[in-house]
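**Student:** Protein chains in written order, with the UniProt record's numbering: chain W, 1 to 299; chain G, 1 to 299.
Hints are computed from structural coordinates only; laboratory data are not their basis. It cannot be assumed that every hint is accurate.
The list treats identical chains as one, so a pair stands whether inside a single copy or across any two.
Below, a list of computed lysine-lysine pairs in the DSSO-like style, where the Cα atoms sit at most 27 Å apart [what the hints assert, rightly or not]:
(1) Lys-247 to Lys-28
(2) Lys-223 to Lys-164
(3) Lys-31 to Lys-63
(4) Lys-187 to Lys-164
(5) Lys-292 to Lys-31
(6) Lys-8 to Lys-292
There are 2 protein chains.
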Amino acid sequence: MATVIDGKAVAQTIRSEIADEVRLLSQKYGKVPGLAVVIVGHRKDSQSYVGMKRKACAELGIKSFDVDLPEQISQAELIKQVHELNANTDVHGILVQLPLPKHINEEKVLSEISLEKDVDGFHPLNIGKLAMKGRDPLFLPCTPKAKCSSACLELLHRSGVTIKGKQAVVVGRSNIVGLPASLLLLKADATVTTVHSHTSQPENIIREADIVIAAAGQPKMIKGSWIKPGAAVIDVGTNAVDDPTRKSGYRLVGDVDFEEASKTAGYITPVPGGVGPMTVTMLLKNTLEGAKRYIEQNS
Amino acid sequence: MATVIDGKAVAQTIRSEIADEVRLLSQKYGKVPGLAVVIVGHRKDSQSYVGMKRKACAELGIKSFDVDLPEQISQAELIKQVHELNANTDVHGILVQLPLPKHINEEKVLSEISLEKDVDGFHPLNIGKLAMKGRDPLFLPCTPKAKCSSACLELLHRSGVTIKGKQAVVVGRSNIVGLPASLLLLKADATVTTVHSHTSQPENIIREADIVIAAAGQPKMIKGSWIKPGAAVIDVGTNAVDDPTRKSGYRLVGDVDFEEASKTAGYITPVPGGVGPMTVTMLLKNTLEGAKRYIEQNS
Numbered sequence: 001m002a003t004v005i006d007g008k009a010v011a012q013t014i015r016s017e018i019a020d021e022v023r024l025l026s027q028k029y030g031k032v033p034g035l036a037v038v039i040v041g042h043r044k045d046s047q048s049y050v051g052m053k054r055k056a057c058a059e060l061g062i063k064s065f066d067v068d069l070p071e072q073i074s075q076a077e078l079i080k081q082v083h084e085l086n087a088n089t090d091v092h093g094i095l096v097q098l099p100l101p102k103h104i105n106e107e108k109v110l111s112e113i114s115l116e117k118d119v120d121g122f123h124p125l126n127i128g129k130l131a132m133k134g135r136d137p138l139f140l141p142c143t144p145k146a147k148c149s150s151a152c153l154e155l156l157h158r159s160g161v162t163i164k165g166k167q168a169v170v171v172g173r174s175n176i177v178g179l180p181a182s183l184l185l186l187k188a189d190a191t192v193t194t195v196h197s198h199t200s201q202p203e204n205i206i207r208e209a210d211i212v213i214a215a216a217g218q219p220k221m222i223k224g225s226w227i228k229p230g231a232a233v234i235d236v237g238t239n240a241v242d243d244p245t246r247k248s249g250y251r252l253v254g255d256v257d258f259e260e261a262s263k264t265a266g267y268i269t270p271v272p273g274g275v276g277p278m279t280v281t282m283l284l285k286n287t288l289e290g291a292k293r294y295i296e297q298n299s
Numbered sequence: 001m002a003t004v005i006d007g008k009a010v011a012q013t014i015r016s017e018i019a020d021e022v023r024l025l026s027q028k029y030g031k032v033p034g035l036a037v038v039i040v041g042h043r044k045d046s047q048s049y050v051g052m053k054r055k056a057c058a059e060l061g062i063k064s065f066d067v068d069l070p071e072q073i074s075q076a077e078l079i080k081q082v083h084e085l086n087a088n089t090d091v092h093g094i095l096v097q098l099p100l101p102k103h104i105n106e107e108k109v110l111s112e113i114s115l116e117k118d119v120d121g122f123h124p125l126n127i128g129k130l131a132m133k134g135r136d137p138l139f140l141p142c143t144p145k146a147k148c149s150s151a152c153l154e155l156l157h158r159s160g161v162t163i164k165g166k167q168a169v170v171v172g173r174s175n176i177v178g179l180p181a182s183l184l185l186l187k188a189d190a191t192v193t194t195v196h197s198h199t200s201q202p203e204n205i206i207r208e209a210d211i212v213i214a215a216a217g218q219p220k221m222i223k224g225s226w227i228k229p230g231a232a233v234i235d236v237g238t239n240a241v242d243d244p245t246r247k248s249g250y251r252l253v254g255d256v257d258f259e260e261a262s263k264t265a266g267y268i269t270p271v272p273g274g275v276g277p278m279t280v281t282m283l284l285k286n287t288l289e290g291a292k293r294y295i296e297q298n299s
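In isolation and in its complexed conformation, chain W is listed as follows:
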């Protein structure tokens, strides 16, 4: 039976490390990291995500700058707000909660966030630097959608799984998870295969993998029989499936058939409770890194 990787516990460990570093920064320089969280409109899910992020900031001593904007705001005004946050030296990270209202071009707004404050790591320049050897991106991509490629690697590292020289398969090639995960694994010296919807018989490739990152968005598509004995399986999928036994009418399942795969794998993350809890933590870690870089260079 696989060791189940407890994302909540790992996230908690990292959070206490962040809190320690924030304390040191404050003692040494009299300054703390600042994260601006921008929300447009009143979507319930967005408000709940934003609330979680602000609460986590408070717990770790990170100053949160709350920017709540009306649904009707124009794109130009929103960009003006982003520019003000770019110029604010107490703000080290800027997060614009997605989705934005339909009249606003998300990509345009995100590209206005200054590179050094792009804690979600979505800027194409960050992805480019991620891809290229000898260059480091300022931030590793960490998505606002509870999916996080850097969380995958952090979970592997903290579980004691070696990446170098291993065969890794990433299932999915989205800009926000699959692609950055492939690039990160390649930088960490894994032999990486990226599998996607045009791949015929992905099971034959997955069966050879020491490390499987599942980010396809297909409930339970990866069967237990596809997993190599002892492999490390990180499941980024969070798919809602009907479940009439639940009050909500649904439950969340991953891209991996956990019940089957946990019999064969060496390590496996559950859904929920695996990658999910890591997301906000990686965002806070990125904010801390941005703050350290800025404060140490300007003190």
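Starting from the structure of chain W, add chain G where the hints point.
**Tutor:** Structure of chain G alone, referenced to chain W:
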């Protein structure tokens, strides 16, 4: 026996297509593409490469701007020259011949080339856009070192090899060839594995591949017995090996054992005469694309 892909012939076809487009552009707008070729110092090999590029420009009706600078030029002065070329609206592509003298930081100089004129495609933002779905880089990377990832795909296309849904293996992960080739193949819907020096038993992976891009810089490392029958093999390697029977004392060989592999492969590029002749042509194609973009937007 494999069909040997004749890089010279393909390059010639593309060059005549470019010449046609240059003519059309000139008729319609009274303007032609301009390529600035910057060379610092007097290295014989650099002068020979630069000469080839300038000659090719002349043949196709592309105006070449020759900037020959002394070995002792300071980095600041060189960057000033780059800025002037950035500002020159008759220049649509800027190529700085590498290597630069040791007192100059190459990466710094290359990053000063304006993105729209970066015909070598080395800017990290171009690599980022290459990696991300739904974004297109302004230029596909095309290196000055006679190796060119976009040339690989062009050779496959022009030989009638389908990429979508195929298993592709890229051997090597350099910023200038391996990595962009992997990203291009992934965008073209191949299932891509990137193999490198930390991969154990690469032969087992290569044996499954319908498409092999060899860019490891290891003479004849890929044996004939590693090639799946019918596979398309693009050899980007150009390795000099001792050959006392030649006047020069050496000859060029690829990363693939051509003699063996050509018995099994469906398509194969020779070295020399495969990818090599495509390089300058892809540079000219990038210059044409840059010119079309600029001229059509500003007329």
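**Student:** Look at each hint and say if it fits the structure.
**Tutor:** Comparing the hints with the structure gives:
1. Taking identical chains as interchangeable, the C-alpha atoms of Lys-247 and Lys-28 are never at most 27 Å apart, the minima being 50 Å within one chain and 68 Å between chains.
2. Taking the shortest alpha-carbon separations for Lys-223 and Lys-164, both the intra-copy value of 26 Å and the inter-copy value of 25 Å come in at or below 27 Å.
3. Taking the closest pair of Cα atoms, Lys-31 and Lys-63 come within 27 Å of each other only inside a single copy of the chain (10 Å); across copies the shortest separation is 56 Å, beyond that limit.
4. Taking identical chains as interchangeable, the C-alpha atoms of Lys-187 and Lys-164 lie at most 27 Å apart whether they share a chain (9 Å) or sit on different chains (25 Å).
5. In the homo-oligomer, the alpha carbons of Lys-292 and Lys-31 lie at most 27 Å apart inside one protomer (10 Å), although the nearest pairing across protomers, at 51 Å, exceeds that limit.
6. In this homomeric assembly, Lys-8 and Lys-292 come within 27 Å of each other (Cα to Cα) only inside a single copy, at 25 Å, whereas the closest approach across copies is 53 Å.
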